[in-house]
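All chains, full assembly: derive it from the sequences and hints.
There are 2 protein chains.
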Amino acid sequence: MTAVHLEILKEDTRTRARLGKLHTPHGVIDTPVFMPVGTQGTVKTITPEEIKEIEAGIILSNTYHLFLRPGHELIKEAGGLHRFMNWDGAILTDSGGFQVFSLGDLRTIKESGVEFRSHLDGSSQFLSPEIATQVQMALGSDIVMAFDECAPYPCTHKYAKDSLERTTRWLKRCKETLTTTDTQALFGIVQGGMYEDLRRQSAAEIIELDLPGYAIGGLSVGEPKDLMYEVLDYTVPLLPREKPRYLMGVGSPDALIEGVMRGVDMFDCVLPTRIARNGTAMTRYGKVIIRNAGSAHDFGPIDPTCDCYTCRNYSRAYIRHLIKAEEVLGLRLMTIHNLRYLQNLMKEIREAIKEDRLPEYRQKCFSDYGYI
Amino acid sequence: MTAVHLEILKEDTRTRARLGKLHTPHGVIDTPVFMPVGTQGTVKTITPEEIKEIEAGIILSNTYHLFLRPGHELIKEAGGLHRFMNWDGAILTDSGGFQVFSLGDLRTIKESGVEFRSHLDGSSQFLSPEIATQVQMALGSDIVMAFDECAPYPCTHKYAKDSLERTTRWLKRCKETLTTTDTQALFGIVQGGMYEDLRRQSAAEIIELDLPGYAIGGLSVGEPKDLMYEVLDYTVPLLPREKPRYLMGVGSPDALIEGVMRGVDMFDCVLPTRIARNGTAMTRYGKVIIRNAGSAHDFGPIDPTCDCYTCRNYSRAYIRHLIKAEEVLGLRLMTIHNLRYLQNLMKEIREAIKEDRLPEYRQKCFSDYGYI
Numbered sequence: 001m002t003a004v005h006l007e008i009l010k011e012d013t014r015t016r017a018r019l020g021k022l023h024t025p026h027g028v029i030d031t032p033v034f035m036p037v038g039t040q041g042t043v044k045t046i047t048p049e050e051i052k053e054i055e056a057g058i059i060l061s062n063t064y065h066l067f068l069r070p071g072h073e074l075i076k077e078a079g080g081l082h083r084f085m086n087w088d089g090a091i092l093t094d095s096g097g098f099q100v101f102s103l104g105d106l107r108t109i110k111e112s113g114v115e116f117r118s119h120l121d122g123s124s125q126f127l128s129p130e131i132a133t134q135v136q137m138a139l140g141s142d143i144v145m146a147f148d149e150c151a152p153y154p155c156t157h158k159y160a161k162d163s164l165e166r167t168t169r170w171l172k173r174c175k176e177t178l179t180t181t182d183t184q185a186l187f188g189i190v191q192g193g194m195y196e197d198l199r200r201q202s203a204a205e206i207i208e209l210d211l212p213g214y215a216i217g218g219l220s221v222g223e224p225k226d227l228m229y230e231v232l233d234y235t236v237p238l239l240p241r242e243k244p245r246y247l248m249g250v251g252s253p254d255a256l257i258e259g260v261m262r263g264v265d266m267f268d269c270v271l272p273t274r275i276a277r278n279g280t281a282m283t284r285y286g287k288v289i290i291r292n293a294g295s296a297h298d299f300g301p302i303d304p305t306c307d308c309y310t311c312r313n314y315s316r317a318y319i320r321h322l323i324k325a326e327e328v329l330g331l332r333l334m335t336i337h338n339l340r341y342l343q344n345l346m347k348e349i350r351e352a353i354k355e356d357r358l359p360e361y362r363q364k365c366f367s368d369y370g371y372i
Numbered sequence: 001m002t003a004v005h006l007e008i009l010k011e012d013t014r015t016r017a018r019l020g021k022l023h024t025p026h027g028v029i030d031t032p033v034f035m036p037v038g039t040q041g042t043v044k045t046i047t048p049e050e051i052k053e054i055e056a057g058i059i060l061s062n063t064y065h066l067f068l069r070p071g072h073e074l075i076k077e078a079g080g081l082h083r084f085m086n087w088d089g090a091i092l093t094d095s096g097g098f099q100v101f102s103l104g105d106l107r108t109i110k111e112s113g114v115e116f117r118s119h120l121d122g123s124s125q126f127l128s129p130e131i132a133t134q135v136q137m138a139l140g141s142d143i144v145m146a147f148d149e150c151a152p153y154p155c156t157h158k159y160a161k162d163s164l165e166r167t168t169r170w171l172k173r174c175k176e177t178l179t180t181t182d183t184q185a186l187f188g189i190v191q192g193g194m195y196e197d198l199r200r201q202s203a204a205e206i207i208e209l210d211l212p213g214y215a216i217g218g219l220s221v222g223e224p225k226d227l228m229y230e231v232l233d234y235t236v237p238l239l240p241r242e243k244p245r246y247l248m249g250v251g252s253p254d255a256l257i258e259g260v261m262r263g264v265d266m267f268d269c270v271l272p273t274r275i276a277r278n279g280t281a282m283t284r285y286g287k288v289i290i291r292n293a294g295s296a297h298d299f300g301p302i303d304p305t306c307d308c309y310t311c312r313n314y315s316r317a318y319i320r321h322l323i324k325a326e327e328v329l330g331l332r333l334m335t336i337h338n339l340r341y342l343q344n345l346m347k348e349i350r351e352a353i354k355e356d357r358l359p360e361y362r363q364k365c366f367s368d369y370g371y372i
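The listed protein sequences correspond, in order, to chains A and B.
According to this note's numbering, the residues represented by the first sequence are 1 to 372, in order.
According to this note's numbering, the residues represented by the second sequence are 1 to 372, in order.
It is possible that some hints are incorrect.
Copies of the same chain are indistinguishable here, so a pair counts whether it falls within one copy or spans any two.
[Said to hold, decoys possible] Subject to a maximum C-alpha distance of 25 Å in a straight line, what follows is the list of computed PhoX-like cross-link-like pairs (lysine-lysine): (1) Lys76 / Lys324; (2) Lys110 / Lys161; (3) Lys158 / Lys76; (4) Lys354 / Lys10; (5) Lys324 / Lys44; (6) Lys175 / Lys52; (7) Lys225 / Lys364; (8) Lys172 / Lys21; (9) Lys287 / Lys76; (10) Lys110 / Lys175; (11) Lys44 / Lys76; (12) Lys324 / Lys225.
Hints were generated in silico from the structure; no laboratory data involved.
Bear in mind the structure is a predicted one, so any value in this text is a computation, not a measurement.
Dropping the structure here:
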């Protein structure tokens, strides 16, 4: 048995959606699931207890950031990331690949790995499949992501092909490096840009390595949403039915529903927490910009149908005051609301799958609630 | 019966310390008490539930800040400050006097009140005894502070005399304005700088107004601590035994103990929350600068003898990481610790009074624990 496996409870008859339970060394998580992002070993502004109150069972943390500060060796010395940050739920760590490639001129790609300059102090750094995996072993995350290249959008067929083939070669090195497979599960990442033949090639190559889970990378990178859905339409069916499927970097409500309907089990995105800190609330009635003057004398909650701590206790007027006055509590209350909103959305999606009404639920969300 | 009164449980035989219960419309508070500061309608970074977990029953909020933003009328519309910020404990509001006088060149003092420019937008504003009291009536605080002038240190005898006499005239206008004495208690403020004759004059003048409580203002404004203690030595005995006594702006551990021994019941200060956000922890062993490299590999709590949420769950190394990475959770954890430390200190002081060992407790703190 691998460290992580998916128990499929039900497969939808009219869509590719699946209802399941993701078993990890740090708890069992209902899927489809949205994972809040805790970049620097903390989901920004909130405590582990608050993550639990929101009912999130798995979070994502970033190898790139923790590698640079405070350093994975220090976290290992602390007993691993779970203990360091006092979180006993599951953790997925990305590989740092996405961040390193985002550095543009500040990085040089070689077959051995990527040389880059730290965004913190400009120091020269190096990440490779081996190092990214060793860092994640030191962090002790439940799910270890392969060190891949996320090709930009748009990019040529040749660039996407070279990139995915290097990603496959790097994946093999990640797999060879990870010796802790009893407690950590390595997920491979399908790349290939927006090219169907390349997605097929990438999927075929990485599935051959028989990994405990597979991610779809290189989406939500600036392409139109319809194009993302098209790629999912032909990519997801290539993946093994019994393994968890993770769509990286997606967190808008409409894309979560569309992704689930195409067979995705896991999602993550900084969107809900980032826009929260900018004063924008996510609700089933669409986004609400709490900073705006319209909320100044609104003594009702952000969303009267929401059960989060924020909506149970505070008015839009008070939250707006906190945001305008640059008070940290405003960031916290907004973050709690947005994360709870997404957890509730995923719960409703799971219930809809269970009750054979996912397409109708989607229709209700899209037309009645105005997501798009 | 006034809105607020002090029940004296015990008077120390060897010092002027008193053990009591402060009865307010929003709960009964054990005295001597330290009041955390919530300047803008929030104790920076933490929730009302966290204030309760720290076991603080009364907080201070600032008239000047709330008057300018979001405005007292809006808070009144929300149902008052307690409801606006979701805090059902007691609230003391200052009068805005201290902030207005701190503006220096940006304000003009007249007999009618003070004209000043807002620190937010430079707009022309006016506060007077009547307006400051009306603002506090709109806020609905349990304890309303008189609009006074806090004379600078050092200042001449003439300046201090003129200032205290205006403070007395203004106090009468505050008293005439406050019509909500069944739910709000007006505290007068003894001024007079560092001059004993002026402190006597000020105390005599304000006691004549028979108010439910008295504060000692104009201390902790830059003078040596010994001078502050000297002023307390001759000022506190001038105040009526049965009324609560509040020393404004004092929150260092040594000054809290010295103040209690001189007969003070209530204290407030931004110090514990401000230095928390700068990465400095208060402990019974002295200050600990968590930002420093010495904490980098320290996997123990800030203080192993502390029972706060932070010390029960997080290491110095993790908190240091959060502070260095500019993560909000670091500010929260530090704030919770420093406030809980002061609440525990006050609890120990109360127990020492109860058990007739306050001078010994002071000695233990000062010599064993190294406060000064």
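Using 25 Å as the alpha carbon limit, work out where Lys324 and Lys44 are close: within a copy, between copies, both or neither. Close inside one copy (19 Å) and across copies (14 Å); limit 25 Å.
Could you place Lys76 and Lys324 in one of the four classes (within, between, both, neither) given a Cα distance threshold of 25 Å? between (40 Å within a copy, 19 Å between copies)
At 25 Å max between alpha carbons, let me know whether Lys175 reaches Lys52 within a copy, between copies, both or neither. neither (32 Å within a copy, 50 Å between copies)
How would you classify Lys172 and Lys21 at a CA-CA limit of 25 Å: within, between, both, or neither? neither (28 Å within a copy, 70 Å between copies)
Lys158 and Lys76: within-copy, between-copy, both or neither at 25 Å Cα: Answer is neither: 40 Å inside a copy and 65 Å across each miss the 25 Å cutoff.
As a check of your reading, is Lys324 near Lys225 (CA-CA no more than 25 Å) within one copy, between copies, both or neither? Neither. Shortest intra-copy (33 Å) and inter-copy (37 Å) distances fail the 25 Å Cα cut-off.
Is the C-alpha distance from Lys110 to Lys175 at most 25 Å within one copy, between copies, in both cases, or in neither? within (19 Å within a copy, 78 Å between copies)
As a check of your reading, is Lys225 near Lys364 (CA-CA no more than 25 Å) within one copy, between copies, both or neither? For Lys225 and Lys364, only the intra-copy Cα distance (20 Å) is at most 25 Å; the inter-copy one is 68 Å.
State whether the alpha carbon distance between Lys44 and Lys76 is at most 25 Å within one copy, between copies, both, or neither. within (22 Å within a copy, 32 Å between copies)
Same-copy or cross-copy closeness of Lys354 to Lys10 [CA-CA at most 25 Å]: This pair counts as within: shortest intra-copy Cα distance 7 Å, inter-copy 65 Å.
Check Lys287 against Lys76 for me: Cα-Cα at most 25 Å, and say if that holds within a copy, between copies, both or neither. Neither. Shortest intra-copy (40 Å) and inter-copy (28 Å) distances fail the 25 Å Cα cut-off.
Homo-oligomer pair classification [Lys161, Lys110; C-alpha up to 25 Å]: Within one copy only: 16 Å inside a chain, 78 Å across chains, cut-off 25 Å.
Figure legend: structure checked against the earlier numbered hints; hints not met, in rising order: 3, 6, 8, 9, 12.
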